[in-house]
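Student: So the chains spell out like this:
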Amino acid sequence: MRVYKTPEIRNVAVVGHGASGKTSLVDALAFVAGTSKRHGSVKDGTALTDYTPDEIEHKYSINLALAVAEWMDAKLNLIDTPGYLDFTGEALAGVYAADGAVVVVSATGGVEVGTEKVWDYSEKREIPRLFFVSLMDKEHADFEKVYTQIKERLTPKVIPVEIPVGEGPEFHGIINLFSKQCHLYKKGTKAGEYEEGDVPPEYRERFERYSKELIERIAETDDTLLERYLGGEEIGRDEAIAAMKAGMLKGELFPLFCGAAELTYGTRALLSKLVELIPAPNERPPMEAQRWGSAERVTLKSEDAGRFVAQVFKTISEPHVGDVTFFRVHSGTVKNGQDVYNAPREAVEKLNHLCVTGGKDRIEIPELHAGDIGVVAKLRDTHTNDTLSTKDHAIVLPKIPFPEPVITEAIEVKQRGEEEKLSNGLHKLHEEDPTFQHEFNGELGQTLIRGLGERHLEIIVGRLARKFGVHAVIGKPKIAYRETFKARAEGQGKHKKQTGGRGQYGDCWIRIAPLPRGSGFQFVDEIVGGVIPRQYIPAVAEPRRRRRAALWPAIPSWTSKWSCTTAPITTWTRTKCRSRWRASWHSGTSVPTAGRCCSSRSWSSTCRRRTTTKAP
Amino acid sequence: MSTPDDYQGAVMGDLSSRRGHILGTEPDGRLVKVKALVPEAELDRYATMLHSITHGRGTYRSRFHVYQEVPPDAAQKVAEVRKKELEEAKA
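Residue numbers (this note's numbering), protein chains in the order written: chain A, 1 to 616; chain B, 1 to 91.
Because the hints were derived from the structure by calculation, they are not lab data. Built from N, CA and C at the ideal position, the CB exists for glycine as well. Fair warning: there could be bad hints in the mix.
Derived pair list, reagent style DSS-like, types lysine-lysine, alpha-carbon separation capped at 30 angstroms [stated by the list, open to error]:
no. : chain 1 : residue 1 : chain 2 : residue 2
1   : A       : Lys37     : B       : Lys35
2   : A       : Lys59     : A       : Lys428
3   : B       : Lys77     : A       : Lys428
4   : A       : Lys399    : B       : Lys33
5   : B       : Lys83     : A       : Lys478
6   : A       : Lys43     : A       : Lys467
7   : B       : Lys35     : A       : Lys478
8   : A       : Lys421    : B       : Lys90
9   : A       : Lys414    : B       : Lys84
10  : A       : Lys151    : A       : Lys138
11  : A       : Lys476    : B       : Lys77
12  : A       : Lys486    : B       : Lys83
13  : B       : Lys90     : A       : Lys478
14  : B       : Lys90     : A       : Lys414
15  : A       : Lys378    : A       : Lys350
16  : A       : Lys37     : A       : Lys187
17  : B       : Lys84     : A       : Lys476
Okay, the calculated beta carbon distance ranges per label pair [as the list claims (entries may be wrong)]:
no. : chain 1 : residue 1 : chain 2 : residue 2 : range
18  : A       : Pro285    : B       : Gly29     : 22 to 28 angstroms
19  : B       : Lys33     : A       : Thr148    : 25 to 31 angstroms
20  : A       : Glu276    : B       : His21     : 55 to 61 angstroms
Only chain A is shown next, with the shape it has when bound in the complex (with noise of 0.2 angstroms):
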C-alpha cells in the first residue's frame, strides 16, 4: 500500500445498532475495492473486522476495528464499530477517530436504540453523515419506511439520493438520483458490477418525484443555486455533488443511500460518495488542544506543515504481539521508527513497526501524514485517551468522553492464590478499555468490576481466562451494612484469669449513647483521680478507638467473643456512637490484655440489645 496524503485521506465510522450489517458493510466495501482479497462473512466468522476469538465466537463486533478501501486515487480508513451499547464505548471511540460517519439502518429493523446512541454521539461531534439503508435484499425490507423513521426521528434533513429496485428477496437495483441512471444487478455478482440503463418505466414517476426533491434540498444550502434553479437552469452532477458535500460540512443535509452489503449491491455507488462527500481531515474545523504544563490553547489543523500530535483511541492486547496502540495523527507527519512523547505519562515512545491495518492484518508503511489513522504494537507506557506528540511541542487533545459504566458486579478467582493475577488482568483490561473499572474494596472483602452491560462483564471475564489464564466468577456485590446505637445503655465486664503464671484482672464499666449523624465515634474518659495508671488507658481505648476509622473491615480480632470493631448482629462495622469509661484495677494483676478482654466484654454485653442495622 502506498502512502497517502492528507487530501487523499478520508475517515469514516461506521456506526449503528447491532445487527444492522455495518460489518459485512465494511467488508464488501474493501473487498469490492480491491483492497481486501476475500469477501468474508459474519455468520461463517470470516469477516475482515471481525477476527478476535470473542467475536467470532459471538458473531457480533465488540472491538472497533480498521479496514482500508482504496478507491479513486483515495484512502479509506474505515472504522468499524460495534453497535450493542454495551460496547458502546467502542463506538464513540470510532466516531471521534473519524471525520465523517455511516449510518447503517437495517431496511427491516428501522430506526432503533443504537441507532439513535450513535447518531447523538456524532450530532456532538458535528462530523458528517450519510445514511446506509443495508439489508435491502432481506424479507420484509421496506426502504419508504425507515426513510421515514429517520426524518421522524432522527432528523428531518435526510434526502435521498438513490432509491432502490424491487425490495426484499426482489432487491437487484438501484436508481441512482444524480446520474439519473439505474444500476441493475446480476444474481452471482461478486464485487458489485452492474449494469447502466434507464429508470424502468414503473418507477419513473417516484424517480422524478424523489429526484425534484433532492434537487430542490440541495439548492436550498445555497442561495446562488437556489436563484439559478428557481430560474429554470439545470444544475450539473458536479456542481450537486460540490454543493451537496458544503451542505453536509455545514450539518444541513444528510444523504440516504442504500444497498445489501452480503451481496456487493450498491457498494460502488457508496465508495465513490464516501470518497466525494466525506471531506478530507484537512476540511475539518481544527482541534482544540492545550501545551502540556501550561495554560495556553493551541489550535490544530490537519496539515503536514503541523509539529506532529497524535491520540490514542483504542488499544488492544492480542496474542504474540502484545499492546496494539490504534492513533489519529491530528497535526503533521510520523516516520517509521521516530520516537514520540506521551506528556502525562513522561514516556518517550518509539514507533516501531509503523503500519496500517486491514483487520488483523498489518501492512508496514513508512510514514503518516495528517489526518492519517496508524496501528503501532508494543508501546510500553501509552493507552487508550492518551496523546503523543514532540518533547519540545508538548500537548494533550480534550479526551474521548467515555460513557460511565453502569452496571457492577463482583468477582471472585476459582482456585486461591490467583488473586494478584486476577488485579493485573483487570487492571490491563482497563487499560485498554476506558468503560471497564476495577477496584477492591476492603470494607466488603470484594473485588468489584464495574462495565456497560451485563454482556460487557462476561466478555471480560471471558478475557481474563483467555488472556491471562485467569478463571474467575461473577457473583452479587455485597452491600455496606453498617451498625449504630439507638438508644443509651450501660454495662458492666469482668475479667478474671487465675490458671497458673500471672494472674489476670479486669473490671470495665461502659456508658454508650447514639450521637447525631455524620459525628464518627468519640471516646470519653472518665476516670478520676488516677483510679488506674495511665499507661493501662490505650489497651482499653484502644479497641474502640479503631472502630473510628469507619471504614475498617470487619474482622474479629480479639481475644474475646465479640471485638470492638464488629458489631454484634451482623459484625458489619459499627457507627456513630459515644461510650464513657471508668473501671476499677488490681495493682499487679491488671495487665493489657485483661484491660481488652474486659473491655470487649462490656461492650458487646452493653451494645448487643441497642444496635440497628443500617444500609446505604
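Using the hints provided, position chain B relative to the given structure of chain A.
Tutor: Relative to the frame of chain A, chain B by itself:
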C-alpha cells in the same frame, strides 16, 4: 435517571416497587429526568431492568446519599444472610 417520557410511568412505578422515594422530575429535551432515593440493595442489576423497561433508552447514575435504618424484617434477613456467610467462612 433519564428516560423518554413515554416510559416515565413505568419507570416510576418500578422505582416505587424498589422502596424508592421519588424526589422530583424535570423535563430535559425529549427526555424526563427523575431523581429518586433508592436503597442500594434494590439497585442490583438495575441497569438491565431499566434497559428492558425503556427499550434501551433510559440511562441512570447512582451515587451514595446517606445511611438509613433498615426496616426490621429486612434487617433480620440481612443478619441471617450474614450469619450464614460467617459460618460458611468458618467451615
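Student: Next, verify each hint and record whether it holds.
Tutor: Against the structure, the hints come out as follows:
1. For the suggested pair Lys37 of chain A and Lys35 of chain B, the alpha carbons sit about 54 angstroms apart, so the restraint of at most 30 angstroms is broken.
2. The hinted pair formed by Lys59 of chain A and Lys428 of chain A meets the criterion: a straight-line CA distance of about 25 angstroms does not exceed 30 angstroms.
3. With a CA separation close to 38 angstroms, the supplied pair Lys77 of chain B and Lys428 of chain A exceeds the 30 angstroms bound.
4. The straight-line distance between the Cα atoms of Lys399 of chain A and Lys33 of chain B is roughly 26 angstroms, inside the 30 angstroms bound, and the hint therefore holds.
5. For the proposed pair Lys83 of chain B and Lys478 of chain A, the alpha carbon gap of about 14 angstroms is at most 30 angstroms, so the pair holds.
6. Restraint check: the Cα-Cα separation between Lys43 of chain A and Lys467 of chain A comes to about 25 angstroms, which is no more than 30 angstroms; the hinted pair holds.
7. For the proposed pair Lys35 of chain B and Lys478 of chain A, the alpha carbon gap of about 24 angstroms is at most 30 angstroms, so the pair holds.
8. Proximity of Lys421 of chain A to Lys90 of chain B is assessed by CA-CA distance (about 25 angstroms); at most 30 angstroms being required, the pair is judged to hold.
9. Of the pairs offered as hints, the one joining Lys414 of chain A and Lys84 of chain B holds, with about 21 angstroms between alpha carbons and a cut-off of 30 angstroms not exceeded.
10. Among the hinted pairs, Lys151 of chain A with Lys138 of chain A is consistent with the structure: their alpha-carbon atoms are about 22 angstroms apart, no more than 30 angstroms.
11. Restraint check: the Cα-Cα separation between Lys476 of chain A and Lys77 of chain B comes to about 16 angstroms, which is no more than 30 angstroms; the hinted pair holds.
12. The suggested pairing of Lys486 of chain A with Lys83 of chain B holds, with an alpha-carbon distance near 22 angstroms, which does not exceed 30 angstroms.
13. Pair hint Lys90 of chain B plus Lys478 of chain A holds up; C-alpha atoms about 18 angstroms apart against a cutoff of 30 angstroms.
14. For the hint linking Lys90 of chain B to Lys414 of chain A, the alpha-carbon distance of about 18 angstroms falls within 30 angstroms, and the restraint holds.
15. Distance check on the hinted pair: Lys378 of chain A and Lys350 of chain A sit about 9 angstroms apart at the alpha-carbon level, within 30 angstroms; holds.
16. At roughly 21 angstroms between alpha-carbon atoms, Lys37 of chain A and Lys187 of chain A fall within 30 angstroms of each other, so this suggested pair holds.
17. For the given pair, Lys84 of chain B sits about 16 angstroms from Lys476 of chain A by alpha-carbon distance, which is consistent with the 30 angstroms threshold.
18. A beta carbon spacing of about 25 angstroms between Pro285 of chain A and Gly29 of chain B agrees with the range 22 to 28 angstroms that was offered as a hint.
19. Roughly 29 angstroms separates the CB atoms of Lys33 of chain B and Thr148 of chain A, a value that falls within the hinted 25 to 31 angstroms.
20. For Glu276 of chain A and His21 of chain B, the Cβ-Cβ distance of about 57 angstroms falls inside the hinted range of 55 to 61 angstroms, so the restraint holds.
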